[in-house]
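Novice: Here are the chains, one letter per residue:
Number of protein chains: 2
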Amino acid sequence: MPARGEQDDVVQDIIEEPATYGDAILSSDDEVYTKFSERPLTQFYQPSQKRASFESLPNRERHEEFIRKSVEILLKDAVFEGTSRNNRVLQWTCPEELSRLMEFGLKNGPSTHEELLEILKKVVNYSVKTGHPYFVNQLFSSLDPYGLVAQWATDALNPSVYTYEVSPVFILMEEVVLKEMRSIVGFEAGRGDGIFCPGGSIANGYAISCARYKFQPDIKRKGLHSLPRLVLFTSEDAHYSIKKLSSFLGIGTDNVYLIRTDDRGRMDVTHLIGQIERSLSEGAAPFMVSATAGTTVIGAFDPLNEIASVCEKYKLWLHVDAAWGGGALVSGKHKSLLKGIERADSVTWNPHKLLTAPQQCSTLLLRHEGILAAAHSTNAAYLFQKDKSYDTKFDTGDKHIQCGRRADVLKFWFMWKAKGTSGLEKHINKVFENAAYFADSIRNREGFEMVIDQPECTNVCFWYIPESLRSCKQDSDYKERLHKVAPKIKERMMKEGSMMVTYQAQKQHPNFFRIVFQNSGLDKADMIHFVEEIERLGKDL
Amino acid sequence: MPARGEQDDVVQDIIEEPATYGDAILSSDDEVYTKFSERPLTQFYQPSQKRASFESLPNRERHEEFIRKSVEILLKDAVFEGTSRNNRVLQWTCPEELSRLMEFGLKNGPSTHEELLEILKKVVNYSVKTGHPYFVNQLFSSLDPYGLVAQWATDALNPSVYTYEVSPVFILMEEVVLKEMRSIVGFEAGRGDGIFCPGGSIANGYAISCARYKFQPDIKRKGLHSLPRLVLFTSEDAHYSIKKLSSFLGIGTDNVYLIRTDDRGRMDVTHLIGQIERSLSEGAAPFMVSATAGTTVIGAFDPLNEIASVCEKYKLWLHVDAAWGGGALVSGKHKSLLKGIERADSVTWNPHKLLTAPQQCSTLLLRHEGILAAAHSTNAAYLFQKDKSYDTKFDTGDKHIQCGRRADVLKFWFMWKAKGTSGLEKHINKVFENAAYFADSIRNREGFEMVIDQPECTNVCFWYIPESLRSCKQDSDYKERLHKVAPKIKERMMKEGSMMVTYQAQKQHPNFFRIVFQNSGLDKADMIHFVEEIERLGKDL
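Order-wise, the sequence lines are chains U and A. Taking this note's numbering, I'd label the letters of the first sequence as residues 8 to 548. Taking this note's numbering, I'd label the letters of the second sequence as residues 8 to 548.
Isolated chain U (complex conformation):
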């Protein structure tokens, strides 16, 4: 903590005089001029030399020019140049170097607006441009212009979504969007329930919480300590959040039984039945299957109809983690990938992934009404008063485990208003076309090898094999040598800042690349660029 009472405070005190809203002007040698009449007028119009005020209330005279200048920096450096193919995805600096360049340290006295604008430029400069067309590293990318405007609006309104009185627009908007999403999932007449969550992991946690509440409502009051051992099932390729949240919820990672996947990464239903039977024979209490629609690495879709039938037979809650693949539901062409999802009890679907809503926009959708509130509500008197002047069914906050909560709905609703359902569909069709084109481009190209020959989603996994390795496939150290190729190419692309794509090992496979497409601003030429760029970076290895 910086020492208090430095000389800076004197300056700050002077400029807080209500009469000097124009703030003190500092000359280059930091001398303070408090009497405006002593200075030529032009110096008063260097607002960037104003010191920041401590008050938390915007004031046109004090802040307007600073905010406008900040917006100019953001529009230029982040929004337009940051997403231009002419510029880099990132400017690589190692952690030690970045610490020096960014001057993260906090001090006692205030900064001038000019200093803050410089800081802002640096923040943008050294940040990765996740909206850049060549950022294909994660299950999110893009900088949707309509989503961005809506985020900025959300920030300018700074809401917290728990009661109608505080967030009237966002409370009603959430209900409309969630109902529309349930309709698209195929829940009858869009009925059911839903919430916006801070990420798909926590959405999956809510699903587990609802499933076990349905299994045994006493859990809410009594907890798990006196119950039989609860067991849930998910595939070995499922997202790690199923294990992580099972642990957080007190179920324990050992009680997540992992089901084998087939050669295309889909849950093996025979093995699922065997594991359910195993849990029963152990005297445990199976209560839930979490299927995946679009696995994190391979992009596989579990056979939902078959799994739904198993769940019906054994009376298990069916959750579908469609955080990644859910976006395909808006496309007439691709929604069959999720056949059977309408039989799910709950669905995780993140519009911030395939549909490129800004971070974060995650939902949990339920076929059942009332369980979310029954499982989670505590009826806090200070927030959810029942004697309000409006119908308090609109105070929906108590079904969440969050209290204060950002309005993550506006960005997605606004994008949907902008593009229409038909626009969302075009977006999905385009990114699937791009992924197919990329896969076609490398499938028979020398030096490339597919991990899964026919990817189902828009993530494509492949190896790049440098020339030096192509004739060594029979060598005993081939896999070991191939394992080192992707990290090396990744290091080179990071240092050049030319693109970002991730890699990993899985099961028996040495490190391979996983390229991911969500950005519908990309086209076929970009797909060819990626192929050639990886060749350029790796050919001499």
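Think of the hints as simulated: they come from the structure by calculation, not from any bench. Accuracy of the hints is not assured; some may be wrong.
As the list claims (entries may be wrong) - Cut-off 20 Å, straight-line C-alpha distance, at most; resulting in silico cross-link-like pairs (EDC-like, lysine to aspartate or glutamate):
1) 393/A with 487/U
2) 514/U with 394/A
3) 229/U with 243/A
4) 395/U with 498/A
All values derive from a computational prediction rather than experimental measurement.
We have chain U; now place chain A onto it with these hints.
Specialist: Chain A in isolation, oriented as in the chain U frame:
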């Protein structure tokens, strides 16, 4: 779900031709002109009549003017006029009316930019202005101008904070801010650990998770089913999230033992000891006390030093929920309210409350290194590769239960850079002064009665007693009649939009107002305004 294949699509398809970046121009009767040469040039400069494009990539020609016009609306309607004392805090509409006015429904075809700008205006118009000086309704308020700029920057960069490679700036920034906050809490040399969380409730959940992991690390794998009954303790005035998250974590609400509070709302340590002994006598396993520094309603600070000594004696984890009161730590004048907090194992502190960082900015701070990761990590191979080109200790995402995660740090760091620690201190001192002035103003004023005579924090609880009730204090129905006063005044202020302050009942007390001060742009005249406004609204009741 809207039907697909409407005529709109034709328009959309035409304007997607790469050659017509200027987009189609629609005449007022919606006729489509696709050949630019047929129209006078001026019509091309009506960009607001452009239809929204479906691509998720910003493009200057398509989007710049739309984004700029949007910013103008936000600056005028939300940032400056929305926080002006000359304007209303809200424009009240009941849910049914608002549904009609806002046209929330989604359609198949795209909107024009002009339509989107109108929609944006409506969103702002019907939203509550939480940055307005007269919004004193919740434990958050204000629209900090530096925080706002930093939020807009976060959105323009759209990061997800889990690895250094994707979020280099924000990963390092988080470590600096969390260390500084630990120093202020008083953890030795700022050592320990910490995370940004999506709200204080989930931060409290993390604390419970860490506490039980320390008590029994096997819980992560094995869960709670075979363990003795875990019990934790918090005061009856603590935030409801302790119960809610205990339930979510599988502990159960019955196993949160509520400790009585004294007449100023502080935890009764004698009762705490009694309840710990009770749990032991029941054969349960007490593992944690959650003390509160700044209770939600009364603003009370539990006696942390006494509680810390009890925790040491019984070997219990001490968590301090300072979500609300933590901000007082930056003030030399007020930090003694939290004496003993440096003995805590974990602390929840939300800079979005007293320090007015934008929603959301919540932290959990720990005195212990390593427990967060030990309790929560699952080492996903696809994200946390160990063979990267940099030191992967900077890939901190695995200690969170979230996977994708917004960068909530920038807004607070940027505010801190702007104001300096001294500015944060001035802010805190000002809001405490305001609260004291408000309390002084009503303490001996006819028609007002304090619930707690000497509030410790900046929330002040009081009754307003209309003239008609002042002589009826001995009547048997006095409390019943007083109970109806606050809801009625609240309804009137909502409908006029003149201010927003919340009310509630508690224990034996009929409904009382709780006014909350965080906005350092307020001054003494505003305090008097609140008093007089409540009198104006309620005097005839």
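Novice: If a hint holds in the structure, say so; if it does not, say that too.
Specialist: Hints, one by one, checked against the model:
Between residue 393/A and residue 487/U the alpha-carbon distance is near 15 Å, which keeps this suggested pair within the 20 Å criterion. Of the supplied pair hints, the one linking residue 514/U and residue 394/A holds, its CA atoms being roughly 16 Å apart against a limit of 20 Å. For the given pair, residue 229/U sits about 19 Å from residue 243/A by alpha-carbon distance, which is consistent with the 20 Å threshold. Restraint check for residue 395/U and residue 498/A: the C-alpha separation of about 8 Å stays at or below 20 Å, so the hint holds.
When each numbered hint is compared with the structure, no violation occurs for any of them.
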